[in-house]
Structures are given as structure tokens and as C-alpha cells.
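Enquirer: Model the full structure from these sequences, guided by the hints.
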Amino acid sequence: MKKRLICLVLGALMLLSMFAACQPGIDKSQASYALVTKSAGNPYNEKEAEGFEAVMKAVGVKAGNYIIRHPEAPTVDAQIKVIDSLISQGVSAIAIAANDANALSAKLQEAKAAGIKIVTLDSDVAPADRLTFCNQAGVQQVAQALVDAVYDIAGGEGEYAILSATSQATNQNAWIDAMKAIAAADAKYSKLTLVEVAYGDDENQKSTDQTQALLAKYPNLKVICAPTTVGIAAAAKVLQDKKSPVKLTGLGLPSEMAAYIGDDADHSCPYMFLWNPIDLGKLAAYASIALVNGDITGKVGDTFTAGDMENSPYTLTAVAGAESYSEIILGQPFKFDSGNIAEWAKIY
Amino acid sequence: MKFKEILRKITGNHEVSLALILVLMFIVVDILAGGTFHSGTNIADIFRNNALTLVMSLGMLLVLLTGGIDISITGVLAFSGMSIGLLMKNHVLDSIPLVPRCILLFIIAIAIGSCCGLINGFIIAKGKVSPIICTLGAMYVWRGMAYIISNSAWASAADVAGYSDFGKDGSVGPYIILAAAFIVFFILMKWTGFGRKVYAIGSNKEAAAISGINVDRVQIAVYTIMGSLAGLAGALSVSIYASAQPTMQTGTEMDVIAACVIGGVSMSGGRGTVLGTLLGGIFYAIVYKALPLVGLESIWQNLIKGVIILGVVIINVVTQRMMKRRNLARREI
Numbered sequence: 206m207k208k209r210l211i212c213l214v215l216g217a218l219m220l221l222s223m224f225a226a227c228q229p230g231i232d233k234s235q236a237s238y239a240l241v242t243k244s245a246g247n248p249y250n251e252k253e254a255e256g257f258e259a260v261m262k263a264v265g266v267k268a269g270n271y272i273i274r275h276p277e278a279p280t281v282d283a284q285i286k287v288i289d290s291l292i293s294q295g296v297s298a299i300a301i302a303a304n305d306a307n308a309l310s311a312k313l314q315e316a317k318a319a320g321i322k323i324v325t326l327d328s329d330v331a332p333a334d335r336l337t338f339c340n341q342a343g344v345q346q347v348a349q350a351l352v353d354a355v356y357d358i359a360g361g362e363g364e365y366a367i368l369s370a371t372s373q374a375t376n377q378n379a380w381i382d383a384m385k386a387i388a389a390a391d392a393k394y395s396k397l398t399l400v401e402v403a404y405g406d407d408e409n410q411k412s413t414d415q416t417q418a419l420l421a422k423y424p425n426l427k428v429i430c431a432p433t434t435v436g437i438a439a440a441a442k443v444l445q446d447k448k449s450p451v452k453l454t455g456l457g458l459p460s461e462m463a464a465y466i467g468d469d470a471d472h473s474c475p476y477m478f479l480w481n482p483i484d485l486g487k488l489a490a491y492a493s494i495a496l497v498n499g500d501i502t503g504k505v506g507d508t509f510t511a512g513d514m515e516n517s518p519y520t521l522t523a524v525a526g527a528e529s530y531s532e533i534i535l536g537q538p539f540k541f542d543s544g545n546i547a548e549w550a551k552i553y
Numbered sequence: 567m568k569f570k571e572i573l574r575k576i577t578g579n580h581e582v583s584l585a586l587i588l589v590l591m592f593i594v595v596d597i598l599a600g601g602t603f604h605s606g607t608n609i610a611d612i613f614r615n616n617a618l619t620l621v622m623s624l625g626m627l628l629v630l631l632t633g634g635i636d637i638s639i640t641g642v643l644a645f646s647g648m649s650i651g652l653l654m655k656n657h658v659l660d661s662i663p664l665v666p667r668c669i670l671l672f673i674i675a676i677a678i679g680s681c682c683g684l685i686n687g688f689i690i691a692k693g694k695v696s697p698i699i700c701t702l703g704a705m706y707v708w709r710g711m712a713y714i715i716s717n718s719a720w721a722s723a724a725d726v727a728g729y730s731d732f733g734k735d736g737s738v739g740p741y742i743i744l745a746a747a748f749i750v751f752f753i754l755m756k757w758t759g760f761g762r763k764v765y766a767i768g769s770n771k772e773a774a775a776i777s778g779i780n781v782d783r784v785q786i787a788v789y790t791i792m793g794s795l796a797g798l799a800g801a802l803s804v805s806i807y808a809s810a811q812p813t814m815q816t817g818t819e820m821d822v823i824a825a826c827v828i829g830g831v832s833m834s835g836g837r838g839t840v841l842g843t844l845l846g847g848i849f850y851a852i853v854y855k856a857l858p859l860v861g862l863e864s865i866w867q868n869l870i871k872g873v874i875i876l877g878v879v880i881i882n883v884v885t886q887r888m889m890k891r892r893n894l895a896r897r898e899i
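Chains as they are written, first to last, in our numbering: chain A, 206 to 553; chain B, 567 to 899.
Warning: the hint list may mix true and false statements.
[Stated by the list, open to error] Each computed BS3-like pair below joins lysine-lysine, with the alpha-carbon atoms no more than 30 Å apart: (1) A:LYS448 - A:LYS427; (2) B:LYS734 - A:LYS447; (3) A:LYS448 - B:LYS734; (4) A:LYS447 - B:LYS655; (5) B:LYS655 - A:LYS540; (6) A:LYS422 - B:LYS871; (7) B:LYS734 - A:LYS540; (8) A:LYS422 - B:LYS655; (9) B:LYS655 - A:LYS448; (10) A:LYS447 - B:LYS692.
[As the list claims (entries may be wrong)] Selected chain B positions facing chain A (Cβ under 7 Å, derived; list incomplete): (11) THR602; (12) HIS604; (13) ASP611; (14) ALA719; (15) TRP720; (16) TYR807; (17) PRO812.
[To be verified] To be clear about the criterion: a stretch of chain B counts as covered by chain A if any three or more of its residues have a C-beta under 8 Å from a C-beta of chain A, and this derived list gives those stretches: (18) 705–718; (19) 726–735; (20) 851–863.
Hint data in this document are derived by calculation from the structure and do not stem from the laboratory.
All C-beta atoms, glycine included, are put in the ideal place defined by N, C-alpha and C.
Expert: Printed below as a string of C-alpha cells:
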């Protein structure tokens, strides 16, 4: 009796494993592509997905052959679950905006071993875990734009503070470190003092508290720089309501910030930056396709065409500090000011 | 002798001891922050930025008093807040003049919250489902609904312009709502039959049922009230932060529960007061506000917050035990 039961279980297991083995072996001519964003419920991620989808449609990938997944929370765990299911679905390529630089490593290696091409966009992982990275704007370019904005708005001298997302956010930390390096390297910025880096955890309430604390702690503060969409909106509201002389710049969504951008004393933010998340999604889509088709391998120096995108064809450039690994830079950060904000607020 | 009497008074009354801790902490923070903490604007900011937690802690008090718990509140908050945010974004009610429109939006948010709460109450009371399980499910359902209706877009400051003036820095709106809510609940819990029924159920459900209290009905009412307050908090949140996001206030339910527990509300039901809840809420708000001000590194703030909460709860438990022992001793004589 017992023996028969064991035989039955073993047989069932064998059958199951056969199915499991079959699954990834989809028809090679039908390559399938996946996009994993940081989380659901954020218009920025939605716009990335929109660009990704537009390219997939434009190049004629069938509706069932591209998958867009928004994890339920902006955490590594949520992304790991999504990647797991994509591996078992046997997709050809995964484009992912990572929620953590290191914690996804094992899962991505597993995907790589299953023959899946990994591209990152928006937020990178350790370079060894992916083939290339679609960089919305080089870290240097963003940091330079932000430091120059602070310099310009402060009038060349004075105190400024940074209001970031969480203390582990990959992007924000890279930008902030680069800002510090740029400010230290050039004597032009020597009269600017960074008083504090505060973390609002991309939460309205906490970002509000942190902004108010900055105002209370540093009476001579001139500028707050918030390189995060939730933080900049919360800070803009605090400054504008208080009619504070402190001004704001950073990275924000035009539609969210439209009410706060302007040159007069009634508006808290003279100008800010961002890139076009739709274009970033498009770039990730084209890069995924080029990798699957074998047009590029992820080597520095590879080039590929990206449809009608502005800077096409794109070239894979070396990552600063890890020269053997590549990235693709989308372009310069885009400046939103009183002149163009109304128009962009309608778009995203 | 006199000193001993005073000491007994302090340790014998939870509210008094908590108020003393509060004052002490306020002074310490004020000194650490270089005297900037006791300014009028700062105190106003504390109440405004924690209005949501304070309002919801009243509902949580009722829920905890019946021996239940509700962790779906921020999901309900997001759903109701997102709903009215979208109404504004899509200009649905624009034909109505501003003031009645804002009142209507508040009513809609409260109504949505009440419905969510009613469903919770019904499942818990009639279906005999454990409150934490039921509201855990509800938390995902309502948060998920907020995601779905928002379609991953936010209602931005420009969309809610006008409405957001109610919660703007300098507006008295949030303070009026806070004061009204606490006065109403103080009266409700102290001088009405309903309040006494809630306490009775929490102390001993069976005894309450035998003595003729309709336990199910009171439970449904309690969760409905909690839902309506979560809806109100949703409306307030959109007004105060001039933004409706499906992710808003994720995790705040724990702050609300913590505020109640600090205020001396028992997790097992039957014990807790509106005044204690208010003090607990203010305590929590001050900790929140003070940590970034006193010059702590950001990454330390969560740790310190946790230690402070634990510390206060331990003091709570110890004083309460002392109180009990003393009462017992008195009885022996």
C-alpha cells in the first residue's frame, strides 16, 4: 500500500516536472518581452509602461507576447515574486526598474541562467546582474543640473538642503553623492553649504514634517533640492502655503507640480527637472528587442536604432567606475519652468 | 506624607501620568531644538500634520474597546480620498459653488468610509470572523480599489485647487474638525448609553449579551463609525496635502494603533478613554515632529521612535499594575 502511494507520488512529480520543463520552450520566433516597474499606483511608472507598450505595438509584437507588471509595493520582495513568475513563463527579456541595487542579484542571476536577457531602466542593479542599463539621464548630468539650479536660485551663495526619498534609494543616493562631489570639486560652488540631507520616505506626511523641520532648524536656508516626485510636491506645498522665502528645485512630475511652478513670490518652485518617462520606457523596449534579436550583446560600443526616438541610434557607453559594463543614456534632463509647465502638465 | 499622596495620584491616574510625561518631553525637545519647538506655528503644524492620525485614533479607540482591531483604515482612507480626488480631477461637481461643493465632497468621502466600515462590521459581527483577519482582507481590497479607480494617476494640487484651501497652512479647518470630533466622542463615550454598551462589551461580551445588549448591533456600529472616520481622514488628507495618491498614508494604521496604546487603551478591550487617546495621539505627534528637529541622523529616527514607544508602554503597564495591586490591598483591609 505504502509502496504504491510512493510510486503514485513519484509518478505525479515526474509528470509535473515534464510540464515545467516544457513551459519555457515557447516557439523561438515568438519572442516575448516583460517590463517590471517599481510599483503600482505611481503615474511615473505608468508612463514608462505606456512608452514600452507603444514600441511593442509599433514593431508588431503580439498583444500576448509583451507583459507589463507593476508590483503591488515598491519593495524588492514584490519584484522577486514578479520575476519568479516571469521566469516560469519563459519570457525572452525582462526590463526592470530595480527597487534595490543588490537584493535582486540572486533572482536576476537565476533569470539569466534561464536564458532571459536582463535590461534595467530608471534604477540600476549591480552591473554584473544585467546586460545593459537604460539611464534616464546620466548621474553626472542630473547632479550637474541640480547643483547649477541650486547655485542659480540661491544667487551663488548660502545654505541649501536636500530632501530625498528613502535613505536606501539607489537613484537618489547616486545623484546626491554626485552633487556633493561636483560642489566640492569646483571653486564656483564653494560658497554653497549643504546643511542636511533629510529623508521623507516618499510619504506625504513624513516629507511635510521633514520640510517643516528644515525650515525651523535653518533660518538662513535659501534653497531646498528634492530629487524625488513625492518629496518635491510635499515640500512645494509647505513652502507655498507658508509663503516662505525658501525656494525649491529638484525632480518632479509636471502635472503634480504645475500649481507650484512660477517665477513670482506666490510660487515656491522657479523651475525643476525631469526626463520623459515615456521615452525611457520606449528606450527599454528597443534595447530589449535589440538584445533578443542579437543586434547588441550589451558590450560597450554596441549601437542600435530606436525607431523615431530623438537621439536614435543609441550607443552603449561605459559605466563610470565599472568601465567594462555598459549603459545607454537617454539624454539631458529636461527643464520645466513657468514657460512650458502648462503644456507638459497635460502630458504627464 | 503629602508627597506620597501626590505620587499616588500621579501613578494612580494614567491620564495624569501621561500628561506629565508629555510636558516633560515637550520641555526636553524644546531645549534640544534651541527653543524653537514651543512656537505657535510649530504647535499648529503638529496638530495639522497629525490630524489624520488623531481623528482615526478616536474610531480605533471604540474598536479596541470592544476587543477588536481594524487595520483596514488606511485602505479605506485611500479609497475615499482617491474617490473625491478623482471627482475633482474630472470636474464632475464643478457646477456647484465652491463651499457647498467642498461640504459635499466631505460627505461623499465619509459616506464611502461608512459603507466600507459597515461591511467590516457586518462580517465581523454576523459572520463571526476574527477582526484582524477580516480587516486584513479589507485593507487589501480597499487599497486595491484605490489603485484601480486611480488608474495609476494622482489627483494633483492643480486638480484639487480651492478644495485644498480648507486644509491649507493657516486655515482653521482641520483644527475645527479635530476639536469637534474629540468633543463629540468625549460626550458619546462618557454620557451616552452607547458609550456604556461599548465598554460593557469589551469588558465581558457574554455578560453584556445576557444583560440585554445587542452585541452584534453595537459591533457593527463601532466598525461603521471607524469607517466614517477613516473616510473623513481621507477627505482631510486630500485637503491638507493637496494631492490624492493611491499609496497615501500606507502604514499609518500602525501609528493610529500605537497612539491608542500609548494613551492607555487596552488591546484586549474594555479599558481606555477619549482623553487618554488624545494624549497618546499628541505624544506620538510630538515624537514624529521632534525627531527630525533635534538633530538626529535620519536613519536613526525609526529606531528611536520605536524605543520611545516601548518605553512609554512599559511605564504604562508598570503603573497600571501598581494601581491594581494598591486597589487589591485596599480591598483586603
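Enquirer: Hint by hint, note whether the structure agrees.
Expert: Here's how the hints hold up against the structure:
Simply put, LYS448 of chain A and LYS427 of chain A have alpha-carbon atoms about 13 Å apart, close enough for the 30 Å limit, and the pair holds. Only pairs whose Cα atoms come within 30 Å are accepted, and LYS734 of chain B paired with LYS447 of chain A is accepted, the gap being roughly 9 Å. The straight-line distance between the Cα atoms of LYS448 of chain A and LYS734 of chain B is roughly 12 Å, inside the 30 Å bound, and the hint therefore holds. For the proposed pair LYS447 of chain A and LYS655 of chain B, the alpha carbon gap of about 25 Å is at most 30 Å, so the pair holds.
Restraint check: the Cα-Cα separation between LYS655 of chain B and LYS540 of chain A comes to about 25 Å, which is no more than 30 Å; the hinted pair holds. With a C-alpha separation of about 20 Å, the suggested pair LYS422 of chain A and LYS871 of chain B falls inside the 30 Å cut-off, and the hint holds. The suggested pairing of LYS734 of chain B with LYS540 of chain A holds, with an alpha-carbon distance near 28 Å, which does not exceed 30 Å. Restraint check: the Cα-Cα separation between LYS422 of chain A and LYS655 of chain B comes to about 36 Å, which exceeds 30 Å; the hinted pair is violated.
Among the hinted pairs, LYS655 of chain B with LYS448 of chain A is consistent with the structure: their alpha-carbon atoms are about 25 Å apart, no more than 30 Å. Our distance criterion of 30 Å between C-alpha atoms is broken by LYS447 of chain A and LYS692 of chain B, whose separation comes to about 49 Å. Here the hint on THR602 of chain B is kept, as its CB sits about 5 Å from the closest CB of chain A, short of 7 Å. The restraint placing HIS604 of chain B at the interface with chain A is violated, with a minimum CB-CB distance near 11 Å, outside the 7 Å limit.
The restraint placing ASP611 of chain B at the interface with chain A holds, with a minimum CB-CB distance near 5 Å, inside the 7 Å limit. Interface restraint check: ALA719 of chain B against chain A, minimum CB-CB distance 5 Å, threshold 7 Å, status holds. Of the supplied interface hints, the one on TRP720 of chain B holds, with its beta-carbon coming within about 6 Å of a beta-carbon of chain A, less than 7 Å. For TYR807 of chain B, the interface hint holds, since its Cβ comes within 7 Å of a Cβ in chain A; the closest pair sits about 4 Å apart.
Restraint check, PRO812 of chain B versus chain A: the minimum CB separation of about 4 Å is within 7 Å; hint holds. With a cut-off of 8 Å between beta carbons, the segment 705–718 of chain B has 5 residues touching chain A; three or more are needed, and the interface restraint holds. For the segment 726–735 of chain B, the proposed coverage by chain A is satisfied: 3 residues have a C-beta within less than 8 Å of a C-beta in that chain, meeting the threshold of three. Counting residues of the segment 851–863 of chain B whose CB lies closer than 8 Å to any CB of chain A gives 5, so the stated coverage by that chain holds, three being the minimum.
Checked against the numbered hints above, the structure breaks hints 8, 10 and 12 and satisfies the rest.
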